[in-house]
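Peer 1: Each chain, written out:
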Amino acid sequence: MTETSTTETTTRPGRERGREDGKFGRYGGQYVPEALMPAIEELTDAYRRYVLGNEDGFMDEFRERLADFGGRPTPLQRAGRLSERYGREVYLKREDLLHGGAHKLNNALGQVLLAKYMGKERIIAETGAGQHGTATAMAAAHLDMPCTIYMGERDINRQRPNVFRMKLNGSDVKPVTAGRGTLKEAISETMRDWAATVEDTHYVIGSVVGPHPFPVMVRDFQAVISEEAREQAIGKAGDLPTDVIACAGGGSNTMGSFAAFVDDGSVALHAVEAGGSTLEVDEAAGVAPNSASLYAGEEGVLHGARTKLLQDSHGQIMESHSISSGLDYAGVGPELAYLVDEGRVTPVAVDDDAALEGFHRLSRTEGIIPALETAHAFGFLEEHADELGDRVVVTVSGRGDKDLESVIEETDKRDIAGAPDMSMFTGGI
Amino acid sequence: MTETSTTETTTRPGRERGREDGKFGRYGGQYVPEALMPAIEELTDAYRRYVLGNEDGFMDEFRERLADFGGRPTPLQRAGRLSERYGREVYLKREDLLHGGAHKLNNALGQVLLAKYMGKERIIAETGAGQHGTATAMAAAHLDMPCTIYMGERDINRQRPNVFRMKLNGSDVKPVTAGRGTLKEAISETMRDWAATVEDTHYVIGSVVGPHPFPVMVRDFQAVISEEAREQAIGKAGDLPTDVIACAGGGSNTMGSFAAFVDDGSVALHAVEAGGSTLEVDEAAGVAPNSASLYAGEEGVLHGARTKLLQDSHGQIMESHSISSGLDYAGVGPELAYLVDEGRVTPVAVDDDAALEGFHRLSRTEGIIPALETAHAFGFLEEHADELGDRVVVTVSGRGDKDLESVIEETDKRDIAGAPDMSMFTGGI
Amino acid sequence: MPGDEERATTDDAAPKTGNSATIAAAFADGPAYVPYLAVGDPDYESSLAYVEALDRGGADVIELGLPFSEPIAEGPTIQGAVVRALEGGMTPDRFFAFVEELDVDAPLVCMTYYNLIYQWGDSDGPRSFVERAAEVGLQGLVVPDLPAEEADPLREACDEFGLDLVFIVAPTTEGERLERIMEQVSGYVYVQARLGTTGAKSDVSDRTTESLDRLRGYDVPKAVGFGISTGEHAERIVAGGADGIIVGSALVDIVADGVENDRPTAAVAERLEALSRELKAGAERGFAARTADAAPGDAR
Amino acid sequence: MPGDEERATTDDAAPKTGNSATIAAAFADGPAYVPYLAVGDPDYESSLAYVEALDRGGADVIELGLPFSEPIAEGPTIQGAVVRALEGGMTPDRFFAFVEELDVDAPLVCMTYYNLIYQWGDSDGPRSFVERAAEVGLQGLVVPDLPAEEADPLREACDEFGLDLVFIVAPTTEGERLERIMEQVSGYVYVQARLGTTGAKSDVSDRTTESLDRLRGYDVPKAVGFGISTGEHAERIVAGGADGIIVGSALVDIVADGVENDRPTAAVAERLEALSRELKAGAERGFAARTADAAPGDAR
Ligand SMILES: Cc1ncc(COP(=O)(O)O)c(C=O)c1O
Ligand SMILES: Cc1ncc(COP(=O)(O)O)c(C=O)c1O
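Chains as they are written, first to last, in numbering that gives the first Met the number 0: chain A, 0 to 428; chain B, 0 to 428; chain C, 0 to 299; chain D, 0 to 299.
Keep in mind the hints are simulated off the structure, nothing from the lab. We treat Cβ as the ideally placed atom computed from N, Cα and C, and that holds for glycine. A few of these clues could be false.
[Unchecked claim] The following label-pair restraints were derived from C-beta to C-beta distances:
id, chain 1, residue 1, chain 2, residue 2, range
1, A, Met423, D, Asp256, 28 to 34 Å
2, A, Glu40, B, Ala416, 40 to 46 Å
3, A, Glu83, D, Glu209, 35 to 41 Å
4, B, Arg413, A, Glu15, 52 to 58 Å
5, B, Asp262, D, Glu209, 47 to 53 Å
6, C, Gly124, A, Asp199, 36 to 42 Å
7, C, Ala20, A, Ser276, 51 to 57 Å
8, C, Gly136, A, Ala283, 26 to 32 Å
9, B, Ala416, A, Asp199, 23 to 29 Å
[As the list claims (entries may be wrong)] Not close to chain B: a few residues of chain D, all C-beta gaps over 12 Å, as computed:
id, residue
10, Leu47
11, Arg154
12, Asp158
13, Phe160
14, Asp212
15, Gly239
16, Asp261
17, Glu269
18, Glu272
19, Ala273
20, Ala280
21, Ala291
Take these sequences, add in the hints, and give me the full structure.
Peer 2: Next up, the structure:
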């Protein structure tokens with residue numbers, strides 16, 4: 000254990016934070032157009048009653064559906080070959096095995112079910128990598144709710160199989176052409192839809208971002224990851240892990256992986272962000288060639304919350320970049336921003352190259368093809384294993400099937416040890 | 000309950016059948032080149048010791064890895080919307096949630112682990128849909144075994160993402176150009192490799208086919224499906240199911256889904272085969288436009304076993320056909336052939352159209368995108384629900400991500416109610 | 000619309016003035032025409048000409064959009080304007096320079112998102128932005144993503160520098176929330192005519208009437224926006240009780256048309272002026288109708 | 000190779016005859032050259048000419064392949080021949096007609112897979128196939144996917160109709176398995192020179208020698224196949240103790256070359272005959288060397 004062991008002084012109680020007022024120190028809040036405020040108040044009320052209060056047995060039904068439809072609990076697997084490679088016990092929390100192929104279903108199922116309890120008649124959602132969109136589309140089909148998904152046009156082109164899957168599930172996928180056509184624009188567009196349809200529509204935000212109560216609610220739905228992992232680690236390793244590593248885009252995987260450990264001062268929490276091609280920023284072009292908002296961002300207000308952002312000196316939001324669409328977001332959940340300021344969570348950035356190597360390494364040595372988002376966590380593990388403790392948990396936030404096209408294209412540009420020959424696939428798969 | 004309730008007279012004991020001599024009535028046996036016989040005897044011995052005898056704790060390690068790496072147990076989910084549609088309780092056995100996306104891992108992991116226990120240094124396997132290949136490649140990476148996968152060239156083109164996944168896991172994928180380039184040819188080719196390398200190589204057969212001990216061994220590895228489902232059904236429904244429905248290619252999903260129920264005379268067992276475009280056969284061309292070997296095949300010897308086959312009047316093996324590569328095989332497991340002759344298992348054929356409709360129906364109404372193989376079971380459910388009992392278990396043998404290209408192509412040719420507009424995808428995804 | 004008695008009670012409560020005397024004056028005699036344009040759309044120079052055309056067309060207050068990269072409250076039309084302005088190089092600094100350079104009579108209100116206000120200057124927080132806004136002569140602010148709950152720091156700065164802080168009231172805003180907003184608002188209240196984002200729509204919804212009814216008891220001018228594009232709309236809205244009309248997308252459409260068809264700046268400015276005259280005239284007709292309707296003693 | 004003493008013991012045990020006297024005779028004096036071709040490759044007529052060329056080239060026994068759609072024991076070369084023959088319309092009926100029409104001296108052995116034998120005729124089981132085989136004059140069968148354990152029905156039919164049933168012994172065949180096979184075999188035993196499937200390889204493995212050593216105690220002719228393609232191979236194999244050589248892929252290669260390069264049937268037949276002569280001569284040189292090596296009294 001290393002520099003992060005100094006975090007034992009962390010504030011408590013982790014799970015209550017933000018539930019009442021949506022504030023995490025200076026972060027959080029409800030910065031939304033007035034038209035949305037009544038809906039947000041209604042949602043806050045529903046969150047308190049159903050999620051916190053288990054009214055009408057909401058949480059029981061949620062947990063049951065997560066188990067039966069979603070496939071929970073997911074395993075905590077000891078990774079034999081990685082453990083050997085790094086000389087410490089490496090455990091994988093297998094969210095890639097969740098229905099739909101990523102942790103995203105935990106939240107999507109929770110929110111779609113909540114919308115049903117609230118009597119809403121329609122679901123909308125934004126999506127970046129398509130993982131939240133597919134999770135929402137699956138949950139909506141499962142619960143018989145009409146669903147519209149907004150997705151940036153560029154992301155649509157990067158993630159066509161996911162677009163097709165959403166449509167197969169009966170969702171309407173609306174392309175967003177504004178800006179660079181990625182997640183940021185899709186969120187804005189979904190908010191616009193919501194502003195017009197707020198009375199009968201629930202907006203299923205895909206991460207621990209947005210106005211209160213979304214950050215706490217999404218965290219509470221995703222917390223099942225660390226609740227399980229904590230128990231499983233104690234069962235398997237006889238002790239708490241020394242480190243938990245999770246990739247962070249908006250931060251739902253991270254908060255879900257950390258939530259149950261926040262009060263365990265001995266557990267170091269590593270939030271791995273997309274370092275993109277470099278951490279340098281092109282102010283003039285308004286482009287950050289990374290998505291490291293915790294590591295390199297500054298305080299500001301975006302999409303309903305005060306948090307850490309990639310922004311220029313004027314406060315304009317930057318275009319973020321990452322090899323993985325799901326991390327390609329200029330903001331991050333306010334609670335994470337807070338935990339980083341408090342020193343409880345260590346933000347780290349892993350660049351595209353290291354993430355891609357992590358992708359190939361996990362595929363080859365453990366027989367698990369991770370999402371490119373997830374691969375960043377394994378990039379961190381490779382680069383910093385020596386600094387970690389004896390029992391490391393890495394959350395495999397999703398599987399990589401959605402990323403095959405990107406992997407081919409990006410691998411073909413580079414020289415990656417152990418990667419298969421791409422020549423057969425460069426024409427497309 | 001209907002005509003199938005007459006099967007209560009079935010022979011016992013189900014699970015012991017074939018274990019000693021590899022014979023299922025007139026079916027089974029070991030019809031292989033002499034060069035393979037020593038390996039097959041060695042394997043038979045290993046099967047007895049490790050699988051049946053749990054020597055060195057083999058079965059314990061197998062079950063542990065299936066849980067941690069594979070994600071077992073998989074849920075038995077009540078399908079709310081289908082239950083409503085058909086006026087009976089429909090439960091889904093969710094093998095699509097298994098690591099790799101299909102039931103195939105149960106067997107692949109078992110065999111690769113067994114090969115390790117046997118001291119083998121290399122793994123070979125054939126694959127049709129690519130599901131067995133990807134499962135084997137994942138298991139081989141997980142257990143650090145070099146692996147070569149043979150795959151028909153036509154299947155390679157139908158299942159490119161799976162080819163890529165195998166390569167990502169470090170497997171060598173060898174295209175088989177003989178014949179029509181499908182599963183049948185890939186099996187022959189793998190047998191050829193094995194004949195040359197038998198001393199240090201284990202051949203991981205992908206279904207309950209081939210010479211003894213493969214049919215019993217693969218069944219025993221896959222039986223975990225029905226072992227779990229039986230317990231889960233009793234737990235959830237308070238009773239045994241009235242019907243179990245599973246699609247059958249080689250029959251590993253079917254035998255896995257049926258094994259624990261074979262001795263429960265009250266449970267009707269439906270093996271759903273690919274009816275292709277028609278059950279008519281073109282003798283002159285040697286082509287069966289279906290893969291319904293249980294339903295329409297005749298006794299013969301293929302790939303090491305006596306079983307039911309699609310063959311012409313001379314005994315030449317026909318080219319089978321199905322919309323789903325994984326069912327596209329001219330033979331079937333000998334135990335299934337036996338159980339059909341005994342009247343214990345009812346074979347049914349579902350054609351391409353009905354399977355494709357089943358695919359779209361499940362995607363849209365339950366939020367589960369099934370493999371095209373699996374979709375045949377839902378085609379049967381739609382066509383025959385009225386004849387079934389009150390509690391129906393359908394095995395979702397795999398997820399459909401691998402089939403998106405085929406679904407686009409095949410849906411575009413047809414007019415399927417409720418299917419999304421394909422125009423955006425016909426150029427490829 | 001409810002009975003005359005109810006209307007009569009509100010007409011008694013004359014709109015109260017806020018920090019800015021000029022804004023108060025704009026609503027004091029007759030209905031206010033409040034046009035909006037995004038500053039810098041499609042470039043600095045044209046934008047100057049366009050805003051001045053609004054003024055010539057009879058604007059009583061002008062809302063100047065300071066473009067933000069994530070305009071979540073705007074519909075596609077204004078979003079397009081914002082993108083053009085940002086591509087044209089608009090920044091908060093240039094925005095302030097623009098305001099200084101502008102030669103118009105109407106008081107000016109800046110419409111922007113909170114992050115730009117928060118980030119401006121060397122220290123975090125809204126104060127330095129407001130200080131600079133006051134320096135260049137802005138009279139008020141509208142911040143669509145800043146709810147009343149989070150508005151205290153900005154409210155204080157506005158009070159310190161004499162700016163009005165305009166809030167938006169949606170058709171869904173009622174009860175406690177409405178009160179909280181009405182405590183914070185000054186200058187005028189922006190009554191959102193319908194749900195959704197900005198954008199020209201062709202009719203006036205019942206919800207506008209309901210909103211105005213809910214606001215009747217508050218003595219602050221009520222300017223209705225969202226979806227007004229013709230003199231006739233303006234007339235109906237003002238006849239229905241609005242103290243002013245806010246028009247954005249219909250004007251931005253003219254700018255967008257100019258860009259698409261490469262029209263000379265002067266021609267676009269002329270059309271903006273003409274539509275402004277139409278809208279203003281419509282508002283005045285509506286006001287006249289309302290005054291005639293009401294008891295003679297009630298007319299302002 | 001182990002010492003001379005061991006070899007001497009086997010040389011005592013002269014190969015026993017099986018059901019077929021002609022096959023026994025083929026191995027009786029000197030080494031047997033046993034060529035293989037797939038019948039109907041690439042068409043019926045050429046195939047007739049090719050098989051007759053083998054006979055002219057000195058074949059002692061000829062193995063005639065009846066093509067099966069799944070030839071799992073064959074390598075790519077013979078697999079290619081099988082595919083060509085099937086595409087050329089070869090069926091079991093035509094195969095029997097072919098055998099009847101054939102004008103050769105050497106005894107003929109049919110090599111095919113069990114499913115074709117099992118399916119032939121009206122009733123299941125191998126008997127009717129063997130009956131028909133006997134009728135057309137075939138002297139034996141080789142069925143690579145039929146292990147000794149499953150061979151009883153075919154064995155009985157062969158005994159009934161006087162055909163030999165040849166079995167393959169692999170380098171890995173030992174102990175109990177070997178005994179079981181040697182109980183079933185008649186005519187000659189097919190000694191697989193190396194692991195794998197059929198196909199021309201350039202050297203003779205140590206494993207051949209080991210196999211021959213293992214078989215020394217059994218009084219049945221040992222014909223070695225898999226990988227023999229030149230007179231020199233044949234010489235070495237026979238010198239090493241084989242009673243015969245089986246050659247398939249090297250001959251099929253000539254047929255394939257003829258198809259690829261569109262060569263006249265006669266030219267291909269000539270090359271087949273020439274290679275046969277070379278192989279036969281090689282085998283005889285090997286035999287002479289072995290006989291010279293051994294004690295004069297041992298020479299057969
Ligand atoms: C597999 C996977 N991991 C991580 C993320 C990042 O999102 P978040 O940080 O909200 O978990 C995504 C987003 O799509 C994802 O698909
Ligand atoms: C999803 C799925 N189901 C079923 C099958 C059919 O194989 P089997 O009958 O051996 O289960 C396959 C074969 O690839 C498959 O991928």
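Peer 1: Please go over all the hints and tell whether each is borne out by the structure.
Peer 2: So, going through the hints one by one against the coordinates:
1. Met423(A) with Asp256(D): 28 to 34 Å: Once the Cβ atoms are compared, 31 Å apart, the range 28 to 34 Å for Asp256(D) and Met423(A) holds.
2. Glu40(A) with Ala416(B): 40 to 46 Å: holds, 41 Å
3. Glu83(A) with Glu209(D): 35 to 41 Å: Holds, since Glu83(A) and Glu209(D) (Cβ atoms, about 40 Å apart) stay within the stated range.
4. Arg413(B) with Glu15(A): 52 to 58 Å: holds, 55 Å
5. Asp262(B) with Glu209(D): 47 to 53 Å: holds, 48 Å
6. Gly124(C) with Asp199(A): 36 to 42 Å: Holds, at about 38 Å.
7. Ala20(C) with Ser276(A): 51 to 57 Å: holds, 54 Å
8. Gly136(C) with Ala283(A): 26 to 32 Å: Once the Cβ atoms are compared, 30 Å apart, the range 26 to 32 Å for Ala283(A) and Gly136(C) holds.
9. Ala416(B) with Asp199(A): 23 to 29 Å: holds, 27 Å
10. Leu47: The claim holds: Leu47(D) sits with its nearest Cβ about 21 Å from chain B, beyond 12 Å.
11. Arg154: holds, 15 Å
12. Asp158: The claim holds: Asp158(D) sits with its nearest Cβ about 21 Å from chain B, beyond 12 Å.
13. Phe160: The claim holds: Phe160(D) sits with its nearest Cβ about 20 Å from chain B, beyond 12 Å.
14. Asp212: At about 17 Å from chain B, Asp212(D) clears the 12 Å cut-off, so the statement holds.
15. Gly239: holds, 20 Å
16. Asp261: Consistent with the label, Asp261(D) stays out of reach of chain B, its closest Cβ about 22 Å off (over 12 Å).
17. Glu269: holds, 30 Å
18. Glu272: Holds, because the least Cβ-Cβ distance between Glu272(D) and chain B comes to about 30 Å, which exceeds 12 Å.
19. Ala273: holds, 30 Å
20. Ala280: holds, 30 Å
21. Ala291: holds, 33 Å
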